[in-house]
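Asks: Spelled out, the chains give:
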Amino acid sequence: MKITRRDFLKTTALTSLYFAGFGAAGYANSGTKKNLIVIMLRGGMDGLCAIPIKSDKNFEKLRSKIKLDKTLSLTSDFDLHPALKTFKSLWNQNQSAAVHATNIPYTGRSHFDGQNLMESGGKIPYHEKTGWLGRGMKIAGLTGNGLALALPMPLLIRGVPMNNNYFPVGHKLPYPSTLKMIQDAYKQYDEKLLSENMEIIQTRELSNTSSDNSWVLASNAANELSKPDGPKVAVFEVDGFDTHAAQGSTNGAHADCLSDYDNIIRSLKSSMTKESFDNTLILTLTEFGRTIKQNSSNGTEHGYGSAVLMAGGLVKKAQVHADWPGLKKKELFEGRDLNSTIDARSIYASAMSTVLDVDFKRIQKDVFWGENLQNLSDKLFKL
Amino acid sequence: MKNFFRKVAFGIGPKEEVPTDPLNWALNQVNEIPDLSWQGKIYSEKELRNHYKSWVYGDRKVLRKKYKNDKNLYKTYKNLLRHETGQKFWESLEISIRHNEGINSQHPVLAKLWMFWGNFFAISEKDFLANYSTGPYQREIIRPNLNQTFEKMVYDVTTSWAMIHHLDNSESAGPKSVTASDEWRRRKKRPATINENHARELLELHTVSPKAGYNQEDVVQLAYIMTGWQQRWSKTRLETGNIWFNSEYHQPGKKNVLGKTYKKGRKSLALVIKDLVNHPNCRDFVADRLCKYLISDEPTKEMKQPIIDAFKKSDGFLPEIHKAAIKVAFENNNKFKKFQTPENWFIQVAKIGDLQWPPLPEIMDSYELGTKPSRKQRSPERLLRNLGHHPYRAKQPNGWPDHSDEWISPELLIRRLVYAKLSHSFSKMENNNNEYYENIVQKNFDNPGKIMKYIDQKNRIVEKQTLLFNHPEFLKS
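If you read the protein sequences in the order shown, they are chains A and B.
Just so we're aligned: the first sequence equals residues 4 to 386 in my numbering.
Just so we're aligned: the second sequence equals residues 810 to 1286 in my numbering.
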């Protein structure tokens, strides 16, 4: 173990001073449209695979088979997985950062309960019928401003009406007059949700014959997000992080998933206007991290603490923000997982406050039921 | 009342009589497991596993050698070759067999329940399972168990090749097992550890659910019990060998799961499954899932209780559980209408619309091994993928959701609009008349006048079908 928790906090403080002169030019103009994008990483993203700690002998020993033989350098304490090339290039421009040793306050290690909670923001699985982002959008009055790049409507943005999604089928729609008749029937039967969706189908301008490849989806989303009257919130999904076997290291299953994430931010960056990207924040969300120790199938099991990756012009500066808990056995959660010292919901509440221009306390009270969350806006984002 | 035929099955076809006693019509279908009604060739799970082995690994060996220096080129050619040699054929054949049970068999209620259990014990998209194994697993493991006990079903599922592969149990080795002290482990730095994946899902998804309050240690202990159940590995077959209990991988000593103790050995798996299926949370979980599938997004205690009672009274005998669920569905028929999942919806479209679906057995049988399947031979897989509900390609081991909110979004509704429209291309010429629509609407709706007035707003058959199959009373039953 190279750094102690106290040393790390000190390092962070020094780094903050070092960067104090940067970023001011990129402050968002309050009159400009700001975008919040969340990329859900399903299956349990291994924060220590994406952002491994440097020179920790214990960590290296526990991961002898899956440790990265090649990394990109981030800070004096952390490296970056080489699949995250775009993330690194944004880092060099002060447009990406991470929070480490963080997660939602869920320790049950079930994917499905965990994914439900990461989207709802609650503490009891399947209790909430809306998502934290949907509730935040509702408070901000963002009706009709959500776009999911997925087939179903993720729980995450439910809670505000008229969200759209895009995942083109490759066929043309029936005639408008037929659609209108179907919508009339929905109205007659008081099918509000069906009717609302049909309204979107009839009025939107997205092409149904484009591709559903994630790169193309991200590019189409970028175009929409760049429009002054376009959506302000977008949600992506990347599956496959549940690597119980053959997790791989520099290459392999986890690397492929990280690469999928990286491709999305690459496509967003290249297809958004500069002004739009400068006013955008892209966050990741996962249900849990993975065990420190590899198993005998060269994979990892369900864990607890992970990392949140952040990108876009609204990121304050290139940094790994953490209250590092350490990786000695006694410092691990239940002796096996990276601990979470920052409630990830603090990051999401702060992000919503910053991007959706809603008072943090209001988000805390009305989105997260008054839970004890920390306002990290000034530490992580451009205000 | 007529929506009951779609609630527990797929509606009434144009040439079928409307049953006069709907409840008994449904109850009588769940006692026996008749032969599949598909008239074409049906391949055994083992045969298809052989294809898995020879095609997947055969291709891999040759191509890896050829493109050993270019990973991307290797991937491209591997996919191309597999596509050209028919890897997509098998799942289309399996879907045809499955849909045929819903559309053309004498026991569509059993078919709908078969689909429920296939999803309850879901095999999600992983490696080539969807291509070769998930369909046969549902045919050979799930279906024959529909008139057995839930306990037997869970045991057979847990020790099936497909589930063991799906949830990595072959990778699990007891840290104190015989293999733990193997020299190669020390040399290759691969100490024996458990893989928790299968044990966790056996608790969470297949039996008691997290509501039972088990903890991490329970998961670990169950994983210890399960160590040794694995694919018989060999150099020629790799992981496509049969499932066996390899005692060298089994963790010795007693184990403790949810407060009960189990001795070491092969038999402990059956014993722990017996206790798990008799746990009160397991009965509640099964009742909840069945109600969510057939009746309502939010099952009430009153809905679940008769199913829980039937489970308890019959020791988990599935026909009794099914009958209780059907009765509850019948009693709540008018009060609760369930938004049908895309696959269920499409089978109803095909049956009521008398579509040329699934592709005929002659068409599927004309497929020549190793060649590229025709468009028709590939159509089932493509269609279900486009609907967003491919039964062998759920994203995660919890299978496809039953809650309506998960199936309502602009894109998912677009797919129903598009496929209702495209259904016209599967229509039979002889049905191209108004009498046909009057007949099916009469048989499937309690208010035929109102439905006919709605579809008569359009003259062309393609639009009539688009309207009918997207009508709120068709979407929900």
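Keep in mind that the hints are not guaranteed to be accurate.
Stretch by stretch, here's where chain B covers chain A in the computed footprint (C-beta under 8 Å, at least three residues) [unchecked claim]:
| hint | segment |
| --- | --- |
| 1 | 201–212 |
| 2 | 299–308 |
| 3 | 346–356 |
| 4 | 364–376 |
If you are wondering where the hints come from, they were derived from the structure by calculation, not from laboratory data.
Heads up, the beta-carbon is just placed ideally off N, CA and C, and yes, glycines get one too.
Asks: Flag every earlier hint the structure violates by its number, smallest first.
Replies: Result: hints 3 and 4 break, sorted rising.
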